[in-house]
Structure formats: structure tokens, C-alpha cells
Amino acid sequence: MARHRRVAGHPGVLTGTVLDASPHILTICRADRVERLTLPPSTRVWKGVQAHPTTLIAGDRVVVRLDTAQRGVADRIWANIGRVTGVILERGGDSILVDSGNPGERQVIVIQKGAESRIQVRFPRLEPGYLIDVIGLRRGGVIEGLVPATSQPAYRASQVPRPRQLRRHASSVLDGSATWHEPVDRPDDAEGIAYPMLDPETGGGEQPAPGPGCERMPYLSVGSLLEVRNECTGLSRVLTVTGCGAMARLFCDRCVTCGTSPRGRVADLTLASFVALGGELERGCFNATIAVGR
Amino acid sequence: MTTHALAQLVNDIREVQAPVLAAMLIGACAAKFSRVVRAGSLDAGLGPTELFPLPLRRPAAVTVCAIELAMGLALVVTASPAARDGTGALDGAAADGARIAATAFFLVAMCALIELRGRRPDAGCGCFGDLSRRPVGVRSIARSALLAVAALASIGGPGLRLPPPGPGAALLLGILCIEFLVIALLSPEAGEALVRLGYSEPCELRNVPASRTLSALRRSPQWSRQASVIVGDAPADMWRELCWRYVVYPGRLTGADADVVFAVQVKQRRPVIHSAVIPREKPGAASARSEDASPAAHGAAAPADGATGQTVKASVPPEVGRVSAMPISKTL
Chain A
1 MARHRRVAGH PGVLTGTVLD ASPHILTICR ADRVERLTLP PSTRVWKGVQ AHPTTLIAGD
61 RVVVRLDTAQ RGVADRIWAN IGRVTGVILE RGGDSILVDS GNPGERQVIV IQKGAESRIQ
121 VRFPRLEPGY LIDVIGLRRG GVIEGLVPAT SQPAYRASQV PRPRQLRRHA SSVLDGSATW
181 HEPVDRPDDA EGIAYPMLDP ETGGGEQPAP GPGCERMPYL SVGSLLEVRN ECTGLSRVLT
241 VTGCGAMARL FCDRCVTCGT SPRGRVADLT LASFVALGGE LERGCFNATI AVGR
Chain B
1 MTTHALAQLV NDIREVQAPV LAAMLIGACA AKFSRVVRAG SLDAGLGPTE LFPLPLRRPA
61 AVTVCAIELA MGLALVVTAS PAARDGTGAL DGAAADGARI AATAFFLVAM CALIELRGRR
121 PDAGCGCFGD LSRRPVGVRS IARSALLAVA ALASIGGPGL RLPPPGPGAA LLLGILCIEF
181 LVIALLSPEA GEALVRLGYS EPCELRNVPA SRTLSALRRS PQWSRQASVI VGDAPADMWR
241 ELCWRYVVYP GRLTGADADV VFAVQVKQRR PVIHSAVIPR EKPGAASARS EDASPAAHGA
301 AAPADGATGQ TVKASVPPEV GRVSAMPISK TL
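Keeping their order, the protein sequence lines are chains A and B. Be aware that the first sequence starts at 1, since it is given in my numbering, and climbs by one per residue. Be aware that the second sequence starts at 1, since it is given in my numbering, and climbs by one per residue.
Everything labelled a hint here was simulated from the structure, so no lab data went into it. Among these hints, one or two may not hold up.
Said to hold, decoys possible - Example chain A residues on the side facing chain B (calculated, C-beta under 8 Å, incomplete):
#, residue
1, VAL110
2, GLY114
3, SER117
4, THR202
5, TYR219
6, SER221
7, GLY223
8, ARG254
9, VAL292
Unchecked claim - Pulled a few chain A residues facing chain B out of the computed Cβ check, cut under 7 Å:
#, residue
10, ASP94
11, GLU201
12, ARG216
13, PRO218
14, SER224
All values reported here derive from a predicted model rather than from experimental measurement. C-beta: ideal position from N, C-alpha, C; glycine also.
Generate coordinates for the entire structure from the input sequences, incorporating the hints supplied.
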């Protein structure tokens, strides 16, 4: 296990829109200011595939992880990345309508011919009622699916296997998989965590999925604090529960970023929190430990 | 044992088959119905219906459940001597008809389970709803075969009579117990049912309605003590952390705004309740009227990590922390 190292101060993550990109300098427009970042040769860029910084163009929506050793230097950049996680509602040709668990929110994912075989190997049932979790490039309100984030569960979303019953008190420290999502109605750099087991009586606006889900986890509420540690990097942060991980509880999968996680999804982090903890967005998850009430 | 005694024993065994089969059929139907009610959908079916194409699964599940209920009721209604002998409202052939139908049903069920085991070795039989989640094994198939034999043996058998108290009644009761024991040994569901009967969910996993929390709070002495401070009828905030639900009411303390915080244990009966009053000008400061703890015991004055400011942790009696082993992390 990596040594525990707590991140202090700024998480070192910037989000914004590219104003100008040259081979060595990236200028991005953030909500409150314009930021210029140096791009050394070691900077890695993802834009559907691993790419060179010169592929970035004005208007690209980027997530940047800064180099912790040097100020104003980009270490990792993801451009236009998006993710669709949810239950398939409709399929028409190459586009799929997905219910992502947020009330009234529907996402559309388009799977082009070039990525179809790669996705269908892991998601063979692209039919209504089945689960989908795909990472791709966001183009407005539509995501072009490129990378499967996990393997498709064999069951339908309405038939999630019942978790085994716990005879003892649930542990306050849970090992499992941490995934990421794009914040809805909040800025891209918002920190937070969507927790899969919110108290249904005081859970806030989102409706948790029915049933206990894949994992037995203790009940919490929006506003509770959790310490999340990335077991692959050793970084940890205390994050506030900001929403209900309604979809996370339906996936009984495992994360294999560094070994196999002992549980399924225990946390669904916002994009910025995931990156701040050293996660690689295109991989979809990292092995995590969450501690309740720290 | 004489030939007459042996014939009497066989007769007794045949006599009890109808109620045993009826109990199994009605029990299976009830378990399936309970699963559908809990899942809120007929799509939650299990077992051989998985062999059908998706559009046919729902009607297949409904049909199986209806047949089980109808046959169970028919076996009960035709089990009496009057119905069996045709001296009552029913013709004697009705009893044999119900028993023949039950034989056919259990034979078909046995074949379906063999087919399911071959084609979907991971699927449970679904015979008793949620209890039948384990993959179909030899025991489940043997149980269907046993019930088919029992139904076959009951055809042409006598009606069920209440024996006079004595050895006859004890023998009939013994036969019933032995048969149910054999069925239980052949049922993977029996172990699961016993586990569930003795199972109590840990408090942090238990879902208790907020209305129950509030009604328990209103009946508590803590509520009476703080009633003079509380100025609103509805809680200003309510949240859950593990084994505790926290309820905040607006209050007035010595002319200043305050928050009255109750920590109510998530428990069906007689929950432990703690309370504290926090002046709003000094959020997170120790209560002026904390009911249960000395200020020194509050100890946990350090805010929870994460830089979200002062937390309620500092103002809630230490019993909360000890019982749940967790500090309150949500900011007030």
C-alpha cells in the first residue's frame, strides 16, 4: 500500500476553456480569470487518445493537473473529456439515451463505428434496462463514446444482486472503487463526493435507486465529511458529501487500477476531486479507501 | 407390524399429502408475491422465467404464481372428507383432479429446473422468491421430484380427518413433521430463512422513517426540557450519520437566536436521545444548556478535517461519540 500522504492547500487542479495553445504555453479562461500555464515536454495530454499539446485548440474544455513541484506548470491535461454512467433508456442507431440518476437529466451518447467494437466487447447488451458506463469526448450535450469505463454487469438495473447481510457493525473504513462524474449545475472544478448510501429520509433532491444496491454501507447525509484516499497514489483528502451516487450503487464491479478493489463503488467523486487525488480520468476509477467521520 | 397396521400407516401418509402440498404451493406463491411487492416490479422475477424471452417473462411469472395459488386453494378445499367422498357440495372427482394437476405441476417444475440448471447454472430457482437465490442444485430438483411423488400418492387417497386425541393423532403429527423435515433438508431456502429470522441489521444500515424519529423525539423528556427554547414547530434541518439522526430546531436563548440540536438514535423502540442548545452567534461553541455532559467532556473541539469550519461535534454530548464511535462531521 502506498504511504499515506495528505494533500495540503490547493488541490492543484484547474478547469477552464482553452483560449490559446502553443507548443509551450497554454492559455485558459477560468470562471474568474485567465491563466497561462507552461507546457514542458513531459506534459501529457488526453483528447480522445494520448495526444500532443498542439492538438489543443481554442474552445476546448480542459481539466489540468498542475505539477506539484513547479508553479504554473501543467503536468496532465484532459480535453473535452466526458462520461456517461447510467441506465440505458433508448437506443436508436448509433445514439443511446441514458438515465444518469439525476432527476430530469438524460444524457445522449453516440458510438461511432471506430469505437463500436471496443465498447461492445465490454458492453454487449446496449439495450434498454441495462447499465452503461463509457468515457469519451464531450461535444455540447452529446458524448462521443470512446473508452468503456468498466465491464457491463450481466444483470439489468432493476435486478441488482442483493448484498450479503452484515451481522456486525459496518466498518467505518471501506475499501472499494472510486469513480468520477461531471458535476451537474455546479462548476467543473467543484469538489465533492456522491455517496451511494444517503439516508432516503433526508437524502436531498436526488432519488436514490431502490434497494440496498451492491454494497452494504452505512447511511450518511449530504454535508457529511469523508476522508478519501487513493490507494494507488497514497494521496488523501477530506471531502464533503454533495450528492447521491444513485448509479454507483448499481454497479457491482471492481476497480483494477492497482490490484483488484475488494468492493464495488464506494464513492463517486467530482471530476476535480478525482484528479486532485491523482486519478487518471480516462481509466475511470482508482482503488480507494473511504473513512467515515474523520 | 401387521399388514393392517402397515396399510393404515400408508393410508395416513396419503391423507396428509394434500395439506402439505397446499402449504408448499401457497407458501411459494406468497414468497414470490412478497418479492414483487418489495422490488416494486414484476420484472424482479427469478428462476425458470429467465428461460423465456424478455417480453414473456412477466406473463410467465404471473401465470406460475396464479397456478400455485389456485392449486393450493383447490387442494385445501378438496381435502375434507365431505369433498373427497362427494357428500358435500363438491364432486369427489374434484379432489382427484386437483391432485393430478399438482402432480403434473411438480413434474413440469422438476423438468424446468433441470433445464434451468443446464442453461443458466448461475440462476436461482426462484421457487420461494428472494430466498431461492442460490443456483439450482440437486436438492431443489429432488424436492420437486419428492413433491411430485407426494402428489401422485395422494390421488385416490382418503380425505383429511381430525383424529381423536391419542396415538392416532400423534402418528399423524409425526408423519407431518417428518415430511416437512425431509422437505426442509431438500430446501436450500431453509437455511436462508433461518438466518433472516434471527437477523437484525446493524443500526448504521437500518432504515427508520424520519416520522418515527420525530415522534420518538416529541415524546422524550429531552424535548420537554428544551420546549421553552424551541420557537418553531418544524425542524430547520435534519440529517443522518451512521446510527444517529440529528434534528435541529430554531430556538431563542436569553433573547438571542439559537439552534436546538437533538441526536436521536436510529432505533425502533426507546431510542437514546441527547440534546444541546447552541447560540447562533457562536456556532460550534459549547452549549449553555447542554443536558448530558460537562463542558470538559466535549473534548472534541477540534473541527473535522477538511476545513469546513466549526462542526456540531463540539456541541453534542460525548455519549454520542462513544455510542457511534463517530464524530458528527456535518457542519451546522
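Structure-based check of each hint:
Using the Cβ-Cβ criterion of 8 Å, the hint placing VAL110(A) at the interface with chain B is not satisfied: the shortest such distance is roughly 25 Å. The interface hint given for GLY114(A) is broken, as the beta carbon of that residue sits about 30 Å from the closest beta carbon of chain B, more than 8 Å. Given hint, SER117(A) at the interface with chain B, is violated; its Cβ is 25 Å from that chain's nearest Cβ, farther than 8 Å. For THR202(A), the suggested interface contact is upheld, since its CB lies about 5 Å from the closest CB of chain B, less than 8 Å.
With a least beta-carbon distance of about 5 Å to chain B, the hint placing TYR219(A) at the interface is held under the 8 Å criterion. Taking 8 Å as the C-beta cut-off, the interface hint given for SER221(A) holds, the closest approach to chain B being about 4 Å. This hint holds: GLY223(A) has a C-beta 4 Å from the nearest C-beta of chain B, less than the 8 Å allowed. About 18 Å separates the beta-carbon of ARG254(A) from the nearest beta-carbon of chain B, more than 8 Å, and the hint is not met.
Interface restraint check for VAL292(A): the shortest CB-CB distance to chain B comes to about 6 Å, inside 8 Å, so the restraint holds. Interface restraint check: ASP94(A) against chain B, minimum CB-CB distance 23 Å, threshold 7 Å, status violated. Because the closest C-beta pair between GLU201(A) and chain B is about 4 Å apart, less than 7 Å, the hint holds. The closest approach between the C-beta of ARG216(A) and any C-beta of chain B is roughly 6 Å, which is under the 7 Å cut-off, so the hint is satisfied.
This hint holds: PRO218(A) has a C-beta 4 Å from the nearest C-beta of chain B, less than the 7 Å allowed. Look at SER224(A): its Cβ gets to within about 5 Å of chain B, closer than 7 Å, so that hint holds up.
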